[in-house]
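> Chains as they are written, first to last, in our numbering: chain S, 694 to 1109; chain E, 694 to 1109.
To be clear, the hints were calculated from the coordinates, so they are not data collected in a lab. All figures in this text were calculated on a predicted structure; none of them were measured in a lab. Virtual Cβ for every residue (Gly too), placed ideally from N, Cα, C. Hints are all accurate, no fakes.
A few chain S residues that don't get close to chain E, going by computed Cβ distances all over 10 Å:
no., residue
1, P703
2, G808
3, K810
4, T859
5, F860
6, N922
7, A951
8, G993
9, K1079
Here are the simulated DSSO-like cross-link-like pairs (lysine-lysine), alpha carbons at most 27 Å apart as the crow flies:
no., chain 1, residue 1, chain 2, residue 2
10, E, K751, S, K1079
11, E, K997, E, K1042
12, S, K1055, E, K751
13, E, K805, E, K765
14, S, K751, S, K914
15, E, K997, S, K751
16, S, K830, S, K843
17, E, K843, E, K810
18, E, K1079, S, K751
19, E, K790, S, K1055
20, S, K751, E, K1086
21, S, K1042, E, K790
22, S, K751, E, K1042
23, S, K1086, E, K751
24, S, K751, S, K765
25, S, K1055, E, K830
26, E, K765, S, K1042
27, E, K805, E, K771
28, E, K1042, E, K1079
29, E, K1042, S, K765
30, S, K797, E, K1055
31, S, K790, E, K1055
32, E, K1079, E, K997
33, E, K997, E, K1086
34, E, K872, E, K959
35, E, K914, E, K959
36, S, K810, S, K768
37, E, K751, S, K1042
38, E, K1079, S, K790
39, E, K1086, S, K790
40, S, K1055, E, K797
Number of protein chains: 2
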Amino acid sequence: MSTAISPLAPTNVPDMLAIDGVRLATAEAGIRYSGRTDVLLALFDPGTAAAGVFTRSKCPSAPVEWCRAHLKGGKSAKNLARALVVNSGNANAFTGKSGRASTKLTADITAKAAGCKAAEIFLASTGVIGEPLDAGKFGPVMDDLVMRAKPGDFLAAAQAIMTTDTFPKVATARARIGKATVTINGIAKGAGMIAPDMATMLSFLFTDAAISAPALQALLKEGVADTFNAVTVDGDTSTSDTLMLFATGKAAGCPRIARAGDPRLKDFRKALTAVLANLSEQIARDGEGARKLIEVVVEGAVSKISARRIALSIANSPLVKTAVGGEDANWGRVVMAVGKAGEPANRDKLSIWFGGIRVAHKGARDPAYNEAAVSAAMKKPEISVKVALGLGKGRDRVLTCDLTKEYIAINGDYRS
Amino acid sequence: MSTAISPLAPTNVPDMLAIDGVRLATAEAGIRYSGRTDVLLALFDPGTAAAGVFTRSKCPSAPVEWCRAHLKGGKSAKNLARALVVNSGNANAFTGKSGRASTKLTADITAKAAGCKAAEIFLASTGVIGEPLDAGKFGPVMDDLVMRAKPGDFLAAAQAIMTTDTFPKVATARARIGKATVTINGIAKGAGMIAPDMATMLSFLFTDAAISAPALQALLKEGVADTFNAVTVDGDTSTSDTLMLFATGKAAGCPRIARAGDPRLKDFRKALTAVLANLSEQIARDGEGARKLIEVVVEGAVSKISARRIALSIANSPLVKTAVGGEDANWGRVVMAVGKAGEPANRDKLSIWFGGIRVAHKGARDPAYNEAAVSAAMKKPEISVKVALGLGKGRDRVLTCDLTKEYIAINGDYRS
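Using the sequences provided together with the hints, build the complete structure.
And the structure:
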């Protein structure tokens, strides 16, 4: 397995301000790894609202089922959280009854140590699928975690939840709500949807804004549509994908917002989307074996939904992804991917750009295109593929990465 | 690009009997390759019925549009064919108006040489996408092709239509219709759906049975459902997929069959399915970079359609395909692929077998499974992955191949 940092990793790590009402601690519980942290505890002050979105897999992991059950659809103002426990090394997925028992035991251990109810604790696990998670391992470290928890080290938190990630992912933004300034911090882990036995995209956001749980849920659902839901590495959907947002309400002078439609959320909404976009882009930048970040833009579709489907068809096509990896502006494969999407498309109206250079126009090769300019564009680490369908006003954008031999090595060679 | 023959190639090439009423010839037209044949002409005696199924791509190639237009939905008893022209080296796909002009010119050249109508000629092209096809190149060779055409060399025909295929694909079967014995011969080419600029799965079947065009169309449609439509290499759909069946009616004593429901077709139906299954399996065996043939069986689904969707989700998952390539019985990835299919599935009822050995049962690892036995099974060139959902009686089977570094090399490295 490669341990080199992705060449697409961001060069700057932002300063992550503490969030009032959030305390963090990490530890080595020895779930699977040695010599690295593998458990993250986040403690929240009373009154912290919780929201979450999860994998659409029909075979979700036990922690996903736990969180869903306690969020009750996200519509209750009583969705409050006192703690979040995340472990790496074992996904607690496809572990049957023992998986459910593990989540309960983890919550019970944490509730006892933190002095709250098990129902106020949210859980996530990432790592091997199908192996029982020995939640007993949290026992010896939990009291110490609660004691050590302190405002602030989001980078260490991001490190504790990594699996095949080659770099920790953090992002931050500030926003005005009324006269108050609030902070939104996020951490994420990604890589493949399921790496060498490793499951999952996980992300957790924390804010000191005062927003009710139902409003928070609505904001999160809205925010993921064009960020986390518009990123694909290999088209494979994990059993464990989890994205949660916690709002402590501790920001000085922050008005309490009850509804997502409140106009005072305008700036917060923008900042939240920025953090979600930043983290999800980092996941594409750390796709297993990624050497190129690919932005797929589809415009002129009959609707935004249609544009999304076509963009995903392009972004998930192994032939498009290998072509970009090979630095080839192979627009024939883009046509193929448009054609297979099953959405309205007219071959004779299609135009295609690579790196901003039009290579195909109205159903045939663009006679004016300059091979040397396109070749130069394809050598860059960030490649844009744009398709104009010429049918309507539907537009969408999806991020992905190329498909390389390194992906095969990470996912196929690990046993040899 | 690799030129080594796939390790999964069949070891025996069957004897291909001549089909009365079919004459074949191949030539080097210099479309793209040098030193190899790249055009196939098949001439049919008057009265030969034609049927065809084509890509579902919304951006089909010009030859696909030509064939579709002349088959008129396959419902007319007047769907007769006098010739088939297939070229490799250029797919005539995404070539705009010049593509349509090329098909017309090819048909006109052939009609003149063969002494028939252009509408009785069917066309297929495979190779580069987006480059104009210079149909003028058929002119100098066509008279000679017509003159040389003779019963029989199906292997040479299969060779002329290859692109990234590592071996020619032929299959044959005999069947009784009434008191007559008829023959069905088929040729095919596959590899990736679109290999290094090369488009397409093409297959052509020929029989001396006397079956009306509408009945032939119905038989073909029925026959592909569990054969060609149940094979996937990379989930990418070509702009050019074409499968045609021609029936000359020349078999001695063969009754003329007008309806697909005629009970006298029982044996023919079976033989046709066998030829289709054989050819489509050869395509999976020659998937780009394939080192393992993977049979995915799904049973206990709520319906056959649901089983098919789940089987395709497994067969198209890069993570499943790389795991099999790495000889790892990674059932966690199978669970993932079941979960992402969007079909009814209950994690706690799932059982999974690799190579006939049950590795997971009722939502958790099978405690009885023998790691050494599974490891030995995974080293074989043919791997069966079976999933039992425990919900209903829906069952289906799909063939695919593993995803290897060689696939990336074929599809990504060809420019370097």
